[in-house]
Structure formats: C-alpha cells, structure tokens
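Please construct the entire structure, taking both the sequences and the accompanying hints into account.
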Amino acid sequence: MPALTVDTPPAKPKKTPLRQSFHYKVVISLYRVFAITVLYLVLGGILTYAFVMGFYAVSNSWVAPLILSAVDEKSLDFRQKLVTSQQTIEDLKVDSQKLESGIAEMKKHRAALLALEPQLQAAIARERAHNRSIGPKLATLDTQKQADNLKTQTVLKQLKEVGSNINKDLAAGLITKGDAATQLSALNQAETAYTDSKIAEVLLTDSVLQKNTTGTDSLDVLEKQAELRSEAAQLDVAINVADKQLQEESQQISRLREAIRTAKQSPYYLNASGGQTLYFAFVPYDNQASAVAGRPVYDCYLNMFACRKVGTVNRVFAGEETAVHPIFKTNIRGFLMQMNLDHPESAKSKTVFLGRKPLLF
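Numbering that gives the first Met the number 0 puts the first residue of the sequence shown at 0, with every later residue one more than the last.
Check the hints yourself; a few may be wrong.
[What the hints assert, rightly or not] In the DSS-like style, the derived pairs of lysine-lysine whose C-alpha atoms are separated by at most 25 Å in a straight line are:
#, residue 1, residue 2
1, LYS92, LYS263
2, LYS349, LYS328
3, LYS73, LYS349
Hints are computed from structural coordinates only; laboratory data are not their basis.
Please read all numbers here as calculations on a predicted model, not as lab measurements.
Next comes the structure, spelled out in structure tokens:
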C-alpha cells in the first residue's frame, strides 16, 4: 500500500536588519580598498627599490660628498707628518750650513799648510846647501886650529921654564918684584889664551859636526815637515767626509721637498693648511670619467629627482681612498675631488651628480 507523503513548504530565510547589512558592506569595501592600497604600496616600494638599485647600478655620474675636518685623524696625522718633515728640512739646512762653514775653514787651513811646505822645503834646501859649502871650510879651519893649539902648547911648556927662571931671578935679587909680576902676568895671559883657543876648537868641532852630519836640528825640521804633511792629509780626509755628508743631506732635503710637493696634492693638505671651508666628494673608479675639472655639480631631492646645479668640480686628486657605497653599503675604491659649492648644504647630501641631471629633470 503506497505511503502517503506530505509536502512541507521550504523554510524562509531570516531577514537581517537593513542597517547591519550596510555596515557589513562598508567594512568589506574598506578592507578591500585598504588591501589593494597596501598591495600597491608594497609593489610600488619594491619597484622603487628595484629602480633605485638599478639606477645606481648603471649610473656613472654620481659621487658621494665628503666632509673633512681639521680634527679628523687623517688630517691630524697628515699635519703632524708635514710639520715633522718641515722641521727636519730646517734642521738639515742648519747642519748643511755648519758643514759648509767647516769645509771652508778646513780648506783655508789646508791651503795655509800647503803654502808653508814650499817655504819649508826651500829653507831646508838652503840650509843643506850652506852646510855643504861651509862644512868643509870649517873642517879645514878645525884642523888648523888643532895644529895651532899644539904649537901653543909647546910654547907654553917653554914659558913654564921661563916662569921658573923668573922666580929664581927674583929670589936672587936680579929683578924687582914689579918686573917679575909683569913677566908672570904675561905668562898667565898666554895660558888663558891657550885655554880660550882650546874652547874655540871644541866649538868649531861641534859646528863642523852640525854642518857635515844630520843633526837634531835638521831632524826637528824634517819632523815638522812630516807633521805638516800628515795634518794636510787628515784635512783632506775630513773634507771628503764632510763633502759626502753635505751631499747626502742636500739629497735628503731634495727628497723631503719632493715629498712635501707630492703631499700638497692631497686633499688632507688643503684641509689642514687652509683656513676656509673646503668641500670634497668621493668618486668611485667606475665613475671617474665624469670627474673632470669645471663640470657642473647637481644636487637632487630623494637622491635623483628635481635636481639643481649647486657648484662645479674644482680639482681631482690621484690618491686612492676607500669608502662605503651610499646605497649598497658595500666597500668601494676610488679617489677624492674638490668641489666649489654655491650651496654649502649640498655637502651633506648622500649623493650628488656630475655633468648633467640624472633623469633630465
């Protein structure tokens, strides 16, 4: 028997209040707008980041301004080395002047000594010639003097016998005392003359020895001559040593001056010696073609937009420097350049551009 079915009407949905439905739609719409906005902002940030990264990866005109202070470690170290080098030059100049004065004095002394040597040699030659001439004559006279003394000695022996006879005659009363005294005085004078003759003969023998042999006086003269030559040789050695030292100090002064001239090409010299504010920038090697003296310098908002000319490139320095990339934060190598800025605040910017605006506006 078929079963009976009963049709039940479908359940009616509950009706929500109109105000609640409106709030719900507003919330959903705001959520969607917020989500889309955030999404676009994220995408925009990613694209902007990628654009900035790509821009600085391919740009070859940017440089990083650098502020150097006179109290920076490098500036202070540079100033200390510069002062030390200059003081060393002054000390070397004083030493060189002393050496030059000493060399001049030694050369003057040496010239005076060398001028004495010919005179000394001439005097020695004259003395030797005189000795050769007088020596034989004195020797002959000495021989004659000895012979005369022998004759005088024989005569004195005879005079002694005469003296004995005078005393006998006086005792016998044959002569007076006055006559005896006169005769005895004459005999005494003869003996005194003989003694003087013997003394003269001894002195003559000594003179003959001096004239015919090399005596101590001649040796003294030769010793003086040797001392003169030795002193002149010592002066030659001292002059040569002083000349070499003077030459070495002159070369050292030249090297220090060349080092100072090279150091003056450093930005740290300008920063340490100048009283005015100077502006510098770091140039990576990849962008060195843009660093040319006289080129304009542009400063941009957000490091790339709405650029304006703020100065020119003054000079480029050759020394290598290292820095941190202003965007990528990596170590990079390059060099420094000096800028003339009309707007000093641009020295505080992260980057500036050389030659032209990076984005044509």
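Now for the hints, and whether the structure bears them out:
1. LYS92 <-> LYS263: Given pair LYS92, LYS263 holds - Cα atoms ~21 Å apart, limit 25 Å.
2. LYS349 <-> LYS328: 12 Å, holds
3. LYS73 <-> LYS349: Distance ~22 Å between LYS73 and LYS349 Cα, so the pair holds.
Of the numbered hints given earlier, the model fails none.
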